[in-house]
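Undergrad: In the UniProt record's numbering, the protein residues as written are 1 to 576.
Hints listed in this document are in silico derivations from the structure and should not be mistaken for laboratory results. Just so you know, even glycine gets a beta-carbon here, dropped at the ideal spot from N, CA and C. Just so you know, nobody snuck in bad clues.
In the DSS-like style, the derived pairs of lysine-lysine whose C-alpha atoms are separated by at most 27 angstroms in a straight line are:
hint: 1; residue 1: 207; residue 2: 146
hint: 2; residue 1: 25; residue 2: 62
hint: 3; residue 1: 323; residue 2: 25
hint: 4; residue 1: 25; residue 2: 70
hint: 5; residue 1: 62; residue 2: 117
hint: 6; residue 1: 207; residue 2: 323
Label pairs and their computed distance ranges (CB to CB):
hint: 7; residue 1: 236; residue 2: 202; range: 19 to 25 angstroms
hint: 8; residue 1: 410; residue 2: 32; range: 32 to 38 angstroms
hint: 9; residue 1: 206; residue 2: 373; range: 22 to 28 angstroms
hint: 10; residue 1: 202; residue 2: 404; range: 50 to 56 angstroms
hint: 11; residue 1: 102; residue 2: 240; range: 45 to 51 angstroms
hint: 12; residue 1: 55; residue 2: 178; range: 35 to 41 angstroms
hint: 13; residue 1: 185; residue 2: 103; range: 44 to 50 angstroms
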Amino acid sequence: MFYHAFDGYMEHAFPLDELRPLTCKGEDTLGGYALTLIDSLDMLALLGDHERFAAAVEWVGKNVRFDIDKTVSVFETTIRILGGLLSAHLIASDYATGMRIPSYDNELLHLSEDLAKRLLPAFDTPTGIPYGSVNLLRGVDENESKITSTAGGGTLTLEFGVLSRLTNNPIFEQVTKNAVRGIWARRSRINLVGAHINVFTGEWTQKDAGIGTSIDSFYEYLLKAYLLFGDEEYLFMFQEAYKAAMRYLYHDPWYVEVNMNSAVTVWPLFNSLQAFWPGLQVLAGDIDPAMRTHAAFFSVWKKYGFTPEGFNLASFVVQNGQKSYPLRPELIESTYWLFKATRNPRYLDAGRDMITSIQYGAHCPCGYCHIEDVETHKQDDHMESFFLAETVKYLWLLFDLAVGPDNIVENGPYKYIFSTEGHILPASPQISLASEHCSYLGSYCRAGQQQGYGTADISLDQRETNDTEHISWDRSIPHPKMHDSFSTSGFIKGFCPGLTHWQKFGLSYTEEQGQSQETDSQSQSQTRSVFVIAKPTPKQSVISHQNDHHEIEESSQDSGKLSSSSDNADAQAVDQ
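I would like the entire structure built from these sequences, with the hints used as guidance.
TA: Okay, here's the thing in structure tokens:
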């Protein structure tokens with residue numbers, strides 16, 4: 001899968017940014033600097049492809065320049081180009097990765113610094129929140145919009161922070177931290193943030209709060225900046241933001257959009273970008289709600305064979321105008337993290353179904369196509385760079401982990417944090433304090449206090465009757481104590497004696513947990529609207545779902561069978 005798409009790009013589109021896989025042509029979509037190649041560099045390294053990795057790094061170092069008269073997205077350029085360059089530099093320059101290039105002389109680091117300096121003018125605003133776009137040669141255009149998204153202004157800390165540590169120049173980290181502070185300072189009294197903000201006045205121009213479009217990776221980078229850099233200011237912001245999200249946005253197992261001030265639901269929609277959230281919850285150690293939400297999100301995939309950009313929770317149909325699937329990675333990413341946390345084979349089953357859907361529904365002559373309509377599976381002539389940087393990467397990591405991992409993420413010299421574009425950033429001594437405060441993967445205690453690994457309690461909030469799954473969405477205004485009833489199942493890497501994850505967040509359990517199932521059912525019938533999802537027919541999906549709803553205990557397979565299935569899927573994700 002990876003090499004079919006990568007070779008198609010290199011043969012038919014390179015050095016343009018992206019491939020048009022149906023017509024086998026290329027197009028410049030971001031800046032005209034071989035976007036897909038740069039975005040794919042660390043995937044080549046993960047695969048152990050020394051020859052192609054070295055050749056690609058050499059070509060980028062010799063040919064890519066950023067002194068061009070192009071206006072680019074600050075957000076997309078940071079996560080795709082800057083992140084891709086930094087990740088590849090850290091791999092190519094380090095003997096410990098096993099992928100060091102002897103002739104490499106920090107060319108990608110020099111390019112990264114040059115690019116970041118060209119992005120800096122975007123941060124020259126009264127709020128510290130950057131403009132959405134900047135011209136790489138002339139700075140911010142006079143007529144540039146003063147409106148930017150929360151994710152666009154608050155998802156730059158990892159890449160710029162790593163660059164500051166590699167260059168000993170604090171300016172990059174300072175401006176991105178100020179941007180996050182600028183957004184956080186303008187949160188509502190209930191600790192929610194809106195979707196779009198004026199970078200000059202600090203006024204919210206769109207006050208819908210959610211975990212999806214325009215906000216998603218803001219939450220992600222609050223936690224990951226703490227995990228990578230050890231800065232507890234980010235941890236505090238994440239704690240408060242996460243508590244608010246779980247109190248006001250979470251309608252078990254779905255998430256909705258609400259007014260950031262009143263918490264009144266304004267948009268009962270599953271947005272495909274929300275699907276990253278269970279993976280983030282795994283990093284925070286909050287696995288039980290992650291499992292329930294993943295099950296709900298995956299039920300949408302099973303219904304159509306892909307996840308549409310929008311799925312209406314009130315009518316339980318694809319949202320008009322949001323029927324496409326542009327090969328997004330978010331649900332696959334969460335599947336990988338949940339399997340990493342639980343080792344439960346249901347997530348391998350989910351990964352297998354996703355590979356099958358993509359292989360048979362999106363495969364086209366020179367690569368893999370966007371799906372224009374998940375109901376008809378009509379293909380569209382686009383393949384964004386993140387398909388190689390993230391979608392295939394997480395699929396490959398999922399099955400490589402299952403059969404006995406042989407890659408630098410699982411067996412390398414460092415722990416790695418994944419950027420929002422899927423680029424791997426090492427918690428090495430030069431970059432991270434993670435080894436000192438023992439914060440990686442939800443473990444908030446110091447190394448000497450850490451207790452052993454414990455598998456997550458496996459339980460899903462699902463009810464099944466006669467081949468039909470019932471998943472509920474609470475239409476009502478959130479109960480003020482709703483967050484207190486959530487359960488948690490411990491941490492992936494260990495836990496601190498006497499200190500649970502929710503205690504760390506300042507939350508506590510209530511006596512309501514001890515209520516009988518009958519009482520709980522009566523309560524739910526009074527406050528919830530229940531929707532019925534019938535299992536898809538063969539016309540609805542490219543895959544078979546005969547075993548979609550097996551209980552987790554029934555999904556267990558003997559190790560030989562599991563290894564065989566996983567090995568085949570792993571090979572398919574790379575080779576086809």
